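Read top to bottom, the protein sequences are chains A and B.
To convert a position in the first sequence, counted from 1, into the numbering used here, add 30.
To convert a position in the second sequence, counted from 1, into the numbering used here, add 351.
Keep in mind that the hints were calculated from the coordinates and are not lab data.
Careful, some of the hints might be misleading.
What the hints assert, rightly or not - Label-pair restraints from in silico Cβ distances: (1) A:Q44 with B:G404: 50 to 58 Å; (2) B:P391 with A:K101: 26 to 34 Å; (3) A:G113 with B:I363: 42 to 50 Å; (4) A:F76 with B:M396: 17 to 25 Å; (5) B:G367 with A:A108: 45 to 53 Å; (6) B:R450 with A:Q88: 40 to 48 Å; (7) A:Q75 with B:A451: 34 to 42 Å; (8) A:K101 with B:E438: 32 to 40 Å; (9) A:G113 with B:C364: 48 to 56 Å.
If you're wondering where the values come from, they're calculated on a predicted model, not measured in any experiment.
For glycine and all other residues, C-beta sits at the position ideal for the given N, C-alpha and C.
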Amino acid sequence: GESVGLHLPTLSVQEGDNSIINCAYSNSASDYFIWYKQESGKGPQFIIDIRSNMDKRQGQRVTVLLNKTVKHLSLQIAATQPGDSAVYFCAEARGNNRLAFGKGNQVVVIP
Amino acid sequence: GAVVSQHPSWVICKSGTSVKIECRSLDFQATTMFWYRQFPKQSLMLMATSNEGSKATYEQGVEKDKFLINHASLTLSTLTVTSAHPEDSSFYICSARDRARNNEKLFFGSGTQLSVL
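Put together the whole structure using the sequences plus the hints.
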């Protein structure tokens with residue numbers, strides 16, 4: 031049958047600017063969160079993770095913020111580069127450490 | 352380190368045939384591997400958890416007789432899509448956890464694009 035149009039939320043960002051990608055998670059019992067980057071036709075690539083006993087963690091050019099009160103996770107990318115163009119997924123660890131993925135956000139970097 | 356190899360990267364088959372996808376951890380041992388499927392513009396949906404030496408655990412709504420999982424060694428899990436139909440066309444991705452590392456970090460394969468004609 032005909033599928034309803036599916037469109038990922040898209041963030042267009044100028045090269046060199048900072049990007050912020052948001053994610054709302056569903057399970058208040060989740061205690062481990064990860065951001066993945068997925069390029070077209072490839073598997074997810076680990077970016078950064080954070081445990082629930084922290085509210086901020088920094089990596090190379092990336093920062094993850096966790097707000098457990100409102101069950102919100104964000105990924106900040108500093109000085110966005112063309113190679114950052116991809117779909118970004120947040121994931122939360124649930125029972126038995128199985129990962130549940132969020133819906134994904136498309137980032138398009140404009141040169 | 353921590354490389355997961357998935358093969359084949361793409362496959363086209365006729366309706367009614369079976370397709371086997373392999374997932375190998377190349378430089379670590381994985382007691383647990385996970386199989387996901389992903390439709391275009393959608394997120395990854397967990398299909399099943401593959402445990403070395405035991406039966407796989409399937410997510411609700413996933414037919415275990417349709418998607419056969421075998422995890423016969425610490426470095427290999429296979430997913431067989433039996434009697435494939437066009438609606439099984441999807442991107443299948445495996446992931447594995449390094450049993451030597453005491454964390455939840457998963458390493459993903461590069462995915463297999465299945466197209467059923």
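(message) Against the range 32 to 40 Å, how does the distance between the Cβ atoms of K101 of chain A and E438 of chain B compare: consistent or not?
(response) holds (33 Å)
(message) If I claimed the Cβ atoms of Q44 of chain A and G404 of chain B lie 50 to 58 Å apart, would that claim hold in this structure?
(response) At 52 Å between Cβs, range holds.
(request) Could you tell me whether the CB distance from P391 of chain B to K101 of chain A stays inside 26 to 34 Å? (result) holds (27 Å)
(request) Look at the Cβ atoms of G367 of chain B and A108 of chain A and judge whether their distance stays inside 45 to 53 Å. (result) holds (51 Å)
(message) Against the range 42 to 50 Å, how does the distance between the Cβ atoms of G113 of chain A and I363 of chain B compare: consistent or not?
(response) Given a distance of about 30 Å, which is not inside 42 to 50 Å, the answer is violated.
(request) Could you say whether the range 34 to 42 Å given as a hint is met by the Cβ separation of Q75 of chain A and A451 of chain B? (result) violated (21 Å)
(request) Please test the hint of 48 to 56 Å on the beta carbon pair from G113 of chain A and C364 of chain B. (result) Given a distance of about 34 Å, which is not inside 48 to 56 Å, the answer is violated.
(request) Given the range 17 to 25 Å, decide if the beta-carbon distance of F76 of chain A to M396 of chain B lies inside it. (result) holds (19 Å)
(request) Take a look at whether the Cβ-Cβ distance between R450 of chain B and Q88 of chain A falls inside 40 to 48 Å. (result) This hint is violated: roughly 28 Å between Cβ atoms.
The earlier numbered hints that this structure contradicts are 3, 6, 7, 9.
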